[in-house]
Amino acid sequence: MILEAHDIRKLYGAYVALDSVSLSIREGEFVSIIGPNGAGKSTLINVLTGVLPPSGGTVRFKGRDIAGIGTVALTRLGMARSFQLVQIFPELSVLETLQAAVISRLGRGARLLSSLGADREVHADALEVATLFGLGDKAHALARELPQGDKKLLDVASAFALRPEIILLDEPTSGVSTADKHVVMDILVKAAKRIGLRAIIQVEHDMDIVFGYSDRIIALHQGKVLADATPAAIQADSRVVDMVVGRRRH
Amino acid sequence: MRTAVVLSLVGLAMLGLPVVAPTYYVTLMLPFMAYGVVLLGLNLLFGYTGLVSFGHALFIGVGAYTGAVLTTHLHVRHMELILPAAALAAAIVAAPVGALCVRYVKIYFGMLTLAFGMVFYTFLLKFYKLTGGDEGMRMLRPYLLGNGWEGFSKTAYLVGPYYYFSLAVLILATLLMWRIVRSPFGLCLKTIRDNPLKAESLGVSVPRFRWYAFMISAVYAAVGGALLATPTGNVDPTLAYWTHSGNVVFMVLLGGFSSFFGPLLGAFAFIFLQDTVMSVFPYWRLVFGAMLAFIVIFAPSGLMGLFARRRPVETSRA
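Residue numbers (this note's numbering), protein chains in the order written: chain A, 1 to 250; chain B, 1 to 318.
These aren't lab readings, by the way, just hints derived from the structure by calculation. Be aware that a few hints might be false.
As the list claims (entries may be wrong) - Quick list of simulated restraints, FRET-style, between CB atoms:
{"no.": "1", "chain 1": "A", "residue 1": "Leu11", "chain 2": "B", "residue 2": "Leu176", "range": "44 to 54 Å"}
{"no.": "2", "chain 1": "A", "residue 1": "Gly196", "chain 2": "B", "residue 2": "Trp178", "range": "32 to 42 Å"}
{"no.": "3", "chain 1": "B", "residue 1": "Ala99", "chain 2": "A", "residue 2": "Arg144", "range": "27 to 37 Å"}
Beta carbons: idealized from backbone N, C-alpha and C, even for Gly.
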C-alpha cells in the first residue's frame, strides 16, 4: 500500500466536508475520485497532499503519517500534485518552469552562485519532460503566452518533473477542449510509465476519462465514500450511477 | 550582445568621468553608486521575489552607523573592514526581522518592514548617548586599500580614490547579484514571485527562500549605507526614516523593477533629477510625487521599459 487514509474527517466550522473517509492506493493503480460538486473531492486531495490538516483520522504515505506535514515536505517524500485551476509561473518560460521542479527535486535550490545555464543535468532533465509532454518546441515560450491547453499540460508536466512516486491530479483535463482531453490523458499515462510513477490519483468530472483510464473509482457523496470499486462494478451499481455518475449515453 | 556593448560604454564613461566631468557632478555620482548597491539588493526582494519593503532604510542606517561607530569610536578606519562589518551587522539585525516579516505578504509585509524601520529610527533618535540623537555622529574619512590619502583634500579624496573605490564596490555587487539572479536560487525566487502556491507544490519552501532574499537585500543595503555615509561625513537618524525607505522604492520604480539594470538607472535618474529640480523649484517633492503617479499609471516598467523592447522579466536563458 503506497497511500492510505483512515477515517478522515474534515470540518469547516459546523460544516462536515469529509466524514469518515477511508481509502487505500496500491502500487501501479490509476484511481479516480468522482462525485458531484460539494462532495468533498478537492478537500480530500488537499488533505491527502498535506495542504489541509484533517480534523481527525490518519493519512499514511509509504507507511509514514503525513497528516498536515505540508506540501514541501510531502514533495520531498515523493508526492506531487496539480491543481484544478491551472497554476503556472506567468513570467517564466516552459523550460524554466520545469527547471524549477528539477532543481527542487535535486535539492539545488539554495545554490546561490552556481550558474543555472551551465547546469546540463537540470537543463536536460527539464527538456526531456517538456518533450514528453509535447512542449519541447515551446520550451522558451513564456508560460502566460501558451494556449490554455498547454498551460494545463505545463502545470501537470511540472509535477511530473519532480519524478514523484505518486501524483494527485485535480481535474487534469479541466479547461482542455473535448477533442484534446484524450490526447492530454494519453500523454499523461505515457509520461507516468516513462518516469516510473507508482500510482496516480485524479479527481475528474468527465466520465469518459474516468471510465477510460481508471483501474478503480472512488465515488464521494456529501463527504462520504459512496463506493470504491472497479469501473465495471461502479457502472453496475445503479445507486452510484444515479447519485454520482449519471446515465451515460452510448 | 547589445547589453554587453552598452555596459562596456557605461563602464568606460564611469572610469573616465572624474577626468572629464566637473567635480560637482562627480560628487553626485557617489550617492548614485551607494544607492546602486542598495537597490540591487532591494530589487532582489522586490522585482525577483515579489516583496515590497517600506523599511529598507533601516538597513541603510545600520550600514551607515556601523561605519560611523567604527571610524569614530573604535578607530577602525579601513573601508575593507567597515564594509564587511556593516554587512554582518545588517545580517544580525535582518535575521529576526526577516524571519517575522516574511511570514506575511503584500501590504502586511510592507507595513511590518515600515514598523521595524521606524523602531530603529526612534532608537537612533532617542538613545542620544549611544547614537548622538538627532545630531547623529561623524563618519571619519576611511582608509582605502590601507592608505589614508592624507595629502588629499576632502573633495580630491572623494572624486579620486573614493570614487573609484565606490565604483569597484558597485561593479562587484552588480556581478555578484547578476550571478545570484541567474542561479538555481534566483529561479526559485522567481517562482515565488509569480505563484507562491505553485512554488510550494514544487517543493520550494516559500518562507525560507523569502528569508534568504531578505537577508541578502539587507546586506546590500548596509554596504550601500556605509558607502553613503562617507561623502557627507556624518550619519543621522533621517537615514533610517520612512521617507528614505520610500525614496529607494521610488528609485526602483523609476528605473523599472522588472529589469536587472532598471534600479541602477533609477538611482542615477533620481539623484540627478533631484539635484536639477531642487535647483530650479523649491517644491521638488511635488514634482517627484507627480512623476511617481505618472510612472505607476503610464510606465509601470519604468525608464528601462522605455528603452528596452517589451520582453519578460529577467530569465535564465541569458
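| request: Could you tell me whether the CB distance from Leu11/A to Leu176/B stays inside 44 to 54 Å? | output: holds, 50 Å
| Has the hinted range 27 to 37 Å been met by the Cβ atoms of Ala99/B and Arg144/A? | At 32 Å between Cβs, range holds.
| query | That 32 to 42 Å hint for Gly196/A and Trp178/B (C-beta), does it hold up? | reply | For Gly196/A and Trp178/B the Cβ distance comes to about 38 Å; the hint holds.
Figure legend: structure checked against the earlier numbered hints; every hint is met.
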